[in-house]
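In the order they appear, the protein sequences are chains A and B.
At position 128 of the first sequence (counting the first as 1) the number is 128 in the working numbering, and the numbers step up by one without a gap.
At position 120 of the second sequence (counting the first as 1) the number is 120 in the working numbering, and the numbers step up by one without a gap.
Hints may be right or wrong, so weigh each one.
Simulated pairs of lysine-lysine, BS3-like, Cα-Cα distance not exceeding 30 Å [as the list claims (entries may be wrong)]:
id, chain 1, residue 1, chain 2, residue 2
1, A, Lys24, B, Lys54
2, A, Lys35, B, Lys145
3, A, Lys15, B, Lys54
4, B, Lys212, B, Lys123
If the Cβ cut is set under 8 Å, some of the chain A residues that face chain B in the computed set are [to be verified]:
id, residue
5, Arg18
6, Glu26
7, Asn93
8, Tyr97
9, Leu98
10, Asn103
11, Met104
12, Leu107
Honestly, the hints are just simulated from the structure, not real lab data.
Heads up, the beta-carbon is just placed ideally off N, CA and C, and yes, glycines get one too.
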Amino acid sequence: MIFSVLGDWFSRSNKFERLWLLAKIEFKLRYYENKLGLFWALLKPLMDIVIYYTVFNVILNQQIPGFASYLFIGLILWNFFVESTTGTIQILNTKKYLYEYSNMNKLEIYIATLFSTTIGFFFNFLMFLLFYNFMEPASKGTDIYSLWIVPIFFNMFILSLGFSLILSNIYIIAKDINQVWQVLVQFLFFLSPIFYKLEIFTKALPSMTYANPVAGIIINARMVMIEGKTPHLKLLAFDLAYAFAFLILGLYLLNKLGSKAAEKL
Amino acid sequence: MEKVPAIEAKNISKTFHISEDSHNTVKHRLFNLFNPPRAKKVEAIKNMDFAVYKGECIGLLGRNGCGKSTLVRLLAGVYPTDTGQINIHGTTLLMNLGVGMSHQLTARENIYVSASVLGLKIKEIDNIFDKIVDFAELREFIDTKIKYFSSGMVARLGFSIAVNAGADIMFLDEIFAVGDMKFQEKAVKVFESSWIEGKTVILVSHSMDVIKKYCSRTAFMKNGSLVFFGETEEAIDMYVKDNHE
């Protein structure tokens, strides 16, 4: 199914233009509508960092070298996951105008929305690079290993797309998924090594490194961006398998439940 | 000349399951947690087969509630069928009072999004952009969000996008009721000059004159069944008789 959809996109080039157009408009709607605009997208992770830094480094004194950068990369990846999933639960309702009058492929709506979230991530990542290279006292600087962030982010993109498809299609038959996911996502946040010292996390929750796909992605992102090492390949392979499994389940649900979105929502 | 199919429908049917939500209060919901609301079955479309060929203008007749709108949604690929299958060859546009538009976007953005959904490339949209704006008579408001438009303005914009961008297969549900008289005259003119040639059109209308004038074949529906599909005159006779029963 994935290959037939991709093949269809390649053969009709207007779909790429459409994805980019929808992504740009979505990005504009998300950030330009408010007074702070894009500035808020840049400010939000910085404010989160200040909060967690104060709690975990100043008050709890965790003693993690370069804790601000450690938090920064973890938080922007986490925020991407949350925005891509929580922010798209009602996507088939809010974007109904795109498919209720034509036979447009609904998958394009998801990809365009995630592209727009990727633009936001890109700005945040740029800020991380500036911070890490010019302001972080414990910085080793970015090197060739940092390029591993591309497949790691791809991993996060596929995982988020899979979750987004699953949640938004369940929403068609059970609106409560919105509230349930809010609780689950909070649980997942505390089960991910975002602000804990990695040793404490792996010691307390040894299975979570593999059981929680977001944890693996964050651990690998830190390895390539901060520690200047190759990622843990077994973990990367594991997380990619996770992401594609969720994507396949999401596509199945889109086919099964999503096709009824126009009449049910 | 060989006929090329635009839509092929084989053994299609559609039933809606409508729940009667009697648990309106929190107390009712709590006491009936394991007693779900009753569901009613409505057979909207009963088994039917037919084909529409490229370039044809097909009429669709039937009294209110006979399943015309459901059939149109099935054929446009908006609703899935319960049984059988529909092969759609090309992009579709279901149009009643315009095309789907977001009220959060400006008229300009809606033009680009809608035309892109209909299969046009950005350059092609650039080329017809002025035509769409002028036809809708909305040049002054082009960068205004359409949530501030009157319903007539929204309808004109939607109609103008559909007229100028078009899809391979157009489903027109009572479209000649859009806008004021001047706009309706313009709409009919465009319909005659551009759509009737080359495009596949499925026209839903209660106006016998419109159906008679444009449709080569017409379908007559009654209670979710396709009673007749053929000569327009014959379909109109059946529809008129049904109205007098």
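Verification of the hints:
1. A:Lys24 x B:Lys54: The hint is violated at about 35 Å.
2. A:Lys35 x B:Lys145: 17 Å, holds
3. A:Lys15 x B:Lys54: OK: lysine 15 of chain A and lysine 54 of chain B at ~24 Å, within 30 Å.
4. B:Lys212 x B:Lys123: 38 Å, violated
5. Arg18: OK, holds: arginine 18 of chain A within 8 Å of chain B, min 4 Å.
6. Glu26: 10 Å, violated
7. Asn93: 12 Å, violated
8. Tyr97: 4 Å, holds
9. Leu98: 6 Å, holds
10. Asn103: Given a least distance of 3 Å, the restraint on asparagine 103 of chain A holds.
11. Met104: 5 Å, holds
12. Leu107: 14 Å, violated
In terms of the numbered hints stated before, the structure departs from hints 1, 4, 6, 7 and 12, listed from lowest to highest.
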